[in-house]
Amino acid sequence: MLMIRHAIGSRLFLQTDDYTITPEGEKWIITAGAKQEELDNLLAFKEELNLFVVGENEKTWYYSSDAEIEKTEAGNIQIIADHKTKYPV
Amino acid sequence: MINVFKKEDGHSASNDWVESHFSFSFGNYYDSDNVRFGPMRVLNDDTIQPNKGFGIHPHREAEVVSIAITGQLKHEDSLGNSGVIEFGQVQRMTAGTGILHSEINPSETEPGRFLQLWFFPHTKQLPPSYEDVKFDVNQLTNQLLPVVAPSASAGVAMIHQDVTIYLSKLEQGKSLDFNQEEDRGILVYVISGAAYLDNEHLIGKQDSARITNLSSLHIKAEEDCFFMLIDLPGGDL
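Taken in order, these protein sequences are the chains called B and C. Position one of the first sequence corresponds to residue 1 (our numbering), numbered consecutively onward. Position one of the second sequence corresponds to residue 90 (our numbering), numbered consecutively onward.
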């Protein structure tokens with residue numbers, strides 16, 4: 001499951017199982033399906049987003065330090081993350 | 090200009106282990122007109138029940154200051170730092186490129202009340218770091234005691250922003266003045282008691298005031314008043 005939250009107070013903007021993560025060099029291209037309202041929020045707060053891939057016993061935290069977040073032609077959200085940290089929960 | 094924010098007009102959230110009063114937009118409370126004051130982004134007044142707290146979670150690009158009012162707060166982070174603060178101590182954490190930490194009230198019996206403040210740092214991508222300092226609580230009486238500042242000194246935590254945080258316990262009837270430079274703001278937050286600002290604006294527990302374009306602020310305790318004063322750049326959005 002992918003969760004995208006506001007970095008300030010953890011407001012939840014998107015929760016979905018419809019996502020892909022593709023490593024590219026030292027970055028990760030994360031693409032997820034999102035409704036229009038979710039897309040609007042994600043783009044409005046693109047400087048302050050934390051992404052979490054939630055597993056049974058661990059979470060993986062991603063973020064894009066340069067706010068590389070955009071809507072794809074297919075209407076999905078795409079985030080190019082340059083930070084990844086895995087931690088137990 | 091003195092803008093007073095009364096507690097009853099503010100926003101709060103609570104569950105079975107924490108009660109939080111938000112001065113700025115935070116979590117599910119979002120008001121685009123109340124997002125920041127200069128570089129200050131968060132001021133939460135949290136009361137945490139015994140043996141409860143915020144489990145491991147990440148921060149980035151923020152200077153996070155925690156001030157213990159009552160009880161204890163235990164910090165642990167991904168750098169290996171660990172510390173417990175209580176009244177008379179302040180934590181400063183530079184999240185920078187990213188840090189994981191937890192904040193727990195380690196007491197078996199007593200709730201803990203803490204102020205948590207977040208500021209945007211003056212520089213992005215700083216290396217994460219943590220410190221806690223102990224100040225002399227006897228120096229709080231009827232004067233402004235700096236506890237966080239851009240330069241570290243005894244009893245003062247260092248922050249990566251042009252911000253100074255003072256605490257003071259003003260006895261009933263006593264007053265003090267804070268002189269401010271041009272193009273800077275002041276935030277006053279009442280921890281307990283009540284005080285008049287410039288003999289006109291009465292603020293009580295969990296009220297605050299955001300002050301701009303004022304060269305001198307007069308603070309007089311209507312009753313014994315424990316408050317925080319923050320000197321910071323700008324003050325506009």
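Calculated directly from the structure, the hints in this document are not laboratory data. C-beta: ideal position from N, C-alpha, C; glycine also. Heads up, some of the hints might be wrong.
Here are the in silico distance ranges between beta carbons for each label pair [unchecked claim]:
no. : chain 1 : residue 1 : chain 2 : residue 2 : range
1   : C       : N288      : B       : S65       : 46 to 52 angstroms
2   : B       : D40       : C       : E311      : 45 to 51 angstroms
3   : B       : E58       : C       : K163      : 32 to 38 angstroms
4   : C       : Y285      : B       : N76       : 54 to 60 angstroms
Residues from chain C that face chain B, not an exhaustive set, calculated with beta carbons under 8 angstroms [as the list claims (entries may be wrong)]:
no. : residue
5   : G185
6   : G187
7   : L189
8   : Q295
Going down the list of hints, with the structure as the test:
For the pair N288/C and S65/B, the beta carbons lie near 48 angstroms from each other, so the given range of 46 to 52 angstroms is met. Hint check: D40/B to E311/C, Cβ distance near 46 angstroms, so the stated range 45 to 51 angstroms holds. Distance hint check for E58/B and K163/C: the Cβ-Cβ separation is about 23 angstroms, which falls outside the suggested range of 32 to 38 angstroms. Between Y285/C and N76/B the CB atoms are about 56 angstroms apart, so this pair conforms to the stated range of 54 to 60 angstroms.
The closest approach between the C-beta of G185/C and any C-beta of chain B is roughly 11 angstroms, which is over the 8 angstroms cut-off, so the hint fails. Using the Cβ-Cβ criterion of 8 angstroms, the hint placing G187/C at the interface with chain B is satisfied: the shortest such distance is roughly 6 angstroms. A distance limit of 8 angstroms between C-beta atoms decides the matter here; for L189/C the minimum to chain B is near 6 angstroms, and the interface restraint holds. Proximity of Q295/C to chain B is violated relative to the hint, the smallest CB-CB distance being about 18 angstroms (cut-off 8 angstroms).
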